[in-house]
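> Residue strings, one per chain:
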Amino acid sequence: MNSFFNRHAGEALLVRYLDGELSLRHARTVAGHLESCSACRQEFESLQNAAADCARYRQNVLAAMPAPPAEWRDLYKDFARIDQSLAHEPLLVRLAQPLVHAGAPRWAMATVMAMLVVVGVFFYQLRQAPSVQAATLLKRAIAVAETKTHSAHRIRVRTAKLDFTRVIGPQAPLSAAAPSLEPLFTEAHFDWNDPLSARSFEQWRSQQVHVTDDVSTLAEGYRIRTSSPEGEIAEASITFERSDLTPVEERIEFRDSEWVEFTEIAESTTEGGSIAAAPKVVVPVRPAELPSRSGALAPEPSASISTELQVLSALHEVEADLGDPIVVSLTNGKVLVTGRAGLMPARRQKIQTALAGMPLVVMQFESMQPAVIQPEAALTPVGGMATPRPVIQTRVEKQLGGRAEFDRFSTQILNSSDEAMKQVYALHTLAQEFPANTERQLSPADRQVLSSLSRDHAAVLSEKVSTLESLLLPTLSSLGGAPALVHTAPQAEWQSAAGDVFKSSARVDKLVSIMLGMTPSDGSTSSLPTDLLSALKDLRSNLDTCQHLIAR
Amino acid sequence: MAQLFADTRDDLYRYLLTLGVHPPKAQESVQEVFLRLYTTLKKGEKIENVRGWLFRVAHNVGLKVRARQSTEEGIAPELEIRLTSPALNPEKDLLERERMLRFHGAVEGLSEQQKRCIFLRLEGLKYPEIASALGISASAVGEFLRRAMARLKKVRDE
Chain A
1 MNSFFNRHAG
11 EALLVRYLDG
21 ELSLRHARTV
31 AGHLESCSAC
41 RQEFESLQNA
51 AADCARYRQN
61 VLAAMPAPPA
71 EWRDLYKDFA
81 RIDQSLAHEP
91 LLVRLAQPLV
101 HAGAPRWAMA
111 TVMAMLVVVG
121 VFFYQLRQAP
131 SVQAATLLKR
141 AIAVAETKTH
151 SAHRIRVRTA
161 KLDFTRVIGP
171 QAPLSAAAPS
181 LEPLFTEAHF
191 DWNDPLSARS
201 FEQWRSQQVH
211 VTDDVSTLAE
221 GYRIRTSSPE
231 GEIAEASITF
241 ERSDLTPVEE
251 RIEFRDSEWV
261 EFTEIAESTT
271 EGGSIAAAPK
281 VVVPVRPAEL
291 PSRSGALAPE
301 PSASISTELQ
311 VLSALHEVEA
321 DLGDPIVVSL
331 TNGKVLVTGR
341 AGLMPARRQK
351 IQTALAGMPL
361 VVMQFESMQP
371 AVIQPEAALT
381 PVGGMATPRP
391 VIQTRVEKQL
401 GGRAEFDRFS
411 TQILNSSDEA
421 MKQVYALHTL
431 AQEFPANTER
441 QLSPADRQVL
451 SSLSRDHAAV
461 LSEKVSTLES
471 LLLPTLSSLG
481 GAPALVHTAP
491 QAEWQSAAGD
501 VFKSSARVDK
511 LVSIMLGMTP
521 SDGSTSSLPT
531 DLLSALKDLR
541 SNLDTCQHLI
551 AR
Chain B
1 MAQLFADTRD
11 DLYRYLLTLG
21 VHPPKAQESV
31 QEVFLRLYTT
41 LKKGEKIENV
51 RGWLFRVAHN
61 VGLKVRARQS
71 TEEGIAPELE
81 IRLTSPALNP
91 EKDLLERERM
101 LRFHGAVEGL
111 SEQQKRCIFL
121 RLEGLKYPEI
131 ASALGISASA
141 VGEFLRRAMA
151 RLKKVRDE
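Just so you know, the sequences run in chain order A and B.
Each residue of the first sequence is one higher than the one before, starting from 1 at the first, in our numbering.
Each residue of the second sequence is one higher than the one before, starting from 1 at the first, in our numbering.
Hints in this document: simulated from the structure, not taken from any laboratory.
Careful: at least some of the hints might be erroneous.
What the hints assert, rightly or not - Distance condition first, Cα-Cα at most 27 Å in a straight line; then the derived DSS-like pairs of lysine-lysine:
| id | chain 1 | residue 1 | chain 2 | residue 2 |
| --- | --- | --- | --- | --- |
| 1 | B | K126 | B | K115 |
| 2 | B | K64 | B | K43 |
| 3 | A | K537 | A | K464 |
| 4 | A | K350 | B | K126 |
| 5 | B | K46 | B | K64 |
| 6 | A | K77 | B | K126 |
| 7 | B | K115 | A | K77 |
| 8 | A | K398 | A | K510 |
| 9 | A | K510 | A | K537 |
| 10 | A | K139 | A | K350 |
| 11 | A | K350 | B | K115 |
| 12 | B | K46 | A | K350 |
| 13 | A | K139 | A | K334 |
| 14 | A | K350 | A | K464 |
| 15 | A | K503 | A | K464 |
| 16 | A | K350 | A | K398 |
| 17 | B | K46 | B | K154 |
| 18 | A | K77 | B | K46 |
Keep in mind it's a predicted model, so treat the numbers as computed, not measured.
Sequences and hints are given; from them, build the entire structure.
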């Protein structure tokens, strides 16, 4: 056995490392040690294999488990019962009371309660405003609809006075018996040709200046409810099926209290004759507006760079584009999302949910298998544990006033530098996947998505770099460091500027880990304060250029 | 709450099955757990880690239900093993199948605590969450998992 790991301590550490339970600093140390020690690496691989077997064992066991024998109950009824049985009303409920005031039905209370709970518990999920959620969901539903063949389908149309069936689609039979609803929709700028569709809903929604969105997840799917203070339509809600985001239900409420409901009629019969025979009234309909991209109508739709962008955008929403072991690539007309070994099951599930219903996306997840050293560790090779403490580390420690201060300092620095590197990787990946000439071919909407993604990463990176600066500048300056002149090459595209950011941040990261004694230096460390200050200045200048070019 | 229920109920249900609770009872228990969550929150109590809380309560409810149910109602372990194999190619994966059967045996042979830790870990819970579910300390979770993994690793490498 080697000097670093005695048997039990080593095993415990490796199990915790495998489970992602170590602090960043410890994890780096272990990753570095694994690189240099084959005995521990073998041990770790063997643990990984056992963990992979555990995962398979669980799958086997779960596959053998019967599904729930009955439908899940509607818990809200029970919640209402609980509401009644609780004699006195606690604080939380009193707080909720004004919201559901006067005559509101009991279930509304339950809903408010549930919302309070959800807000309290899953506030991170709600960091996305409902309007962002709604826009994303609609965008996804539109993308799904574009990949489907536009065969005729039937919808049921109900109003306070009317109830009829309509055929939507290119083969819709022509008839003159149109009810008086069309003008209503035309005036409201809501597409009457294909009213029950994500596209029409989004078209209407995007025309409104002030909208309030509400997105809810129902057992059967997702519902977006959008209300608008101006225009003919006061509120519209649309429900999408969970599995493939097909719009199944829609309700439009006009400001004059007229309402119209559309319901998709499941296609159990053959098309043609039965469609024409079934409706009580058949309304003439033009073919639904065709999607602009010609590729979408090809018999076998294939993924484009735009699809890939949507995938990246969806991953960004769940923050899965930052350091998770995930690779996104465009292969054979599909967007391939590969989750590498080491992706935690909960993360995997989140990613699967985020990408569910997206067409042309193939997900594959590797089970925990041969040792994969984390990318950050690969970038910053950590030396063996026997390396003597470099002079610079002793100097920094002395400067800070002791070992404890040094430990705190290095944890802070490593965390910020790691956070910064995550953003750098994400930005770099975007720049590589969407080089300038590819970007120019994107539609304006896609370009906007790309720009907002890169802007996000650059902005967060800028914050992290500021933290690093505020931590490092005082110490390094007092160690006699003075930044050298910055010599940035002028760049015309943000992509190449992002490349510079990548290089300079990798240098900062490397110098930081030399300073903290996590990487052996390849020479003297006497110039490190100056080198690191210069690298930081370089990074800042490259990042400024990059941000400037993104904003352009 | 609807979201939370939809996201978590299947995990909880299956966890209860692995505890040996009979399916209808397991489903009932999951619903019961959510009603308790609702009641608890309505009483103004704060729950820091809801997923951990749900598993902890499910665990306790599950143990009580299991104690009440007669033994033949539970899922026989042989069932799991029998169902493990048919999906695999009998010729090609014979060795693999045997290895997996041995592994199943090894997992069955772990202590109850070790097994629970492994199952909850596979549900994606972090050590402190597992600790809260089982009512033990996070470092104890680490130790249970270390022992379990050491044993499973050994069986695997034999």
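> Look at each hint and say if it fits the structure.
How the hints compare with the structure:
| no. | hint | in the structure |
| --- | --- | --- |
| 1 | B:K126 to B:K115 | 15 Å, holds |
| 2 | B:K64 to B:K43 | 24 Å, holds |
| 3 | A:K537 to A:K464 | 14 Å, holds |
| 4 | A:K350 to B:K126 | 16 Å, holds |
| 5 | B:K46 to B:K64 | 25 Å, holds |
| 6 | A:K77 to B:K126 | 33 Å, violated |
| 7 | B:K115 to A:K77 | 36 Å, violated |
| 8 | A:K398 to A:K510 | 22 Å, holds |
| 9 | A:K510 to A:K537 | 15 Å, holds |
| 10 | A:K139 to A:K350 | 19 Å, holds |
| 11 | A:K350 to B:K115 | 25 Å, holds |
| 12 | B:K46 to A:K350 | 25 Å, holds |
| 13 | A:K139 to A:K334 | 18 Å, holds |
| 14 | A:K350 to A:K464 | 26 Å, holds |
| 15 | A:K503 to A:K464 | 16 Å, holds |
| 16 | A:K350 to A:K398 | 45 Å, violated |
| 17 | B:K46 to B:K154 | 43 Å, violated |
| 18 | A:K77 to B:K46 | 23 Å, holds |
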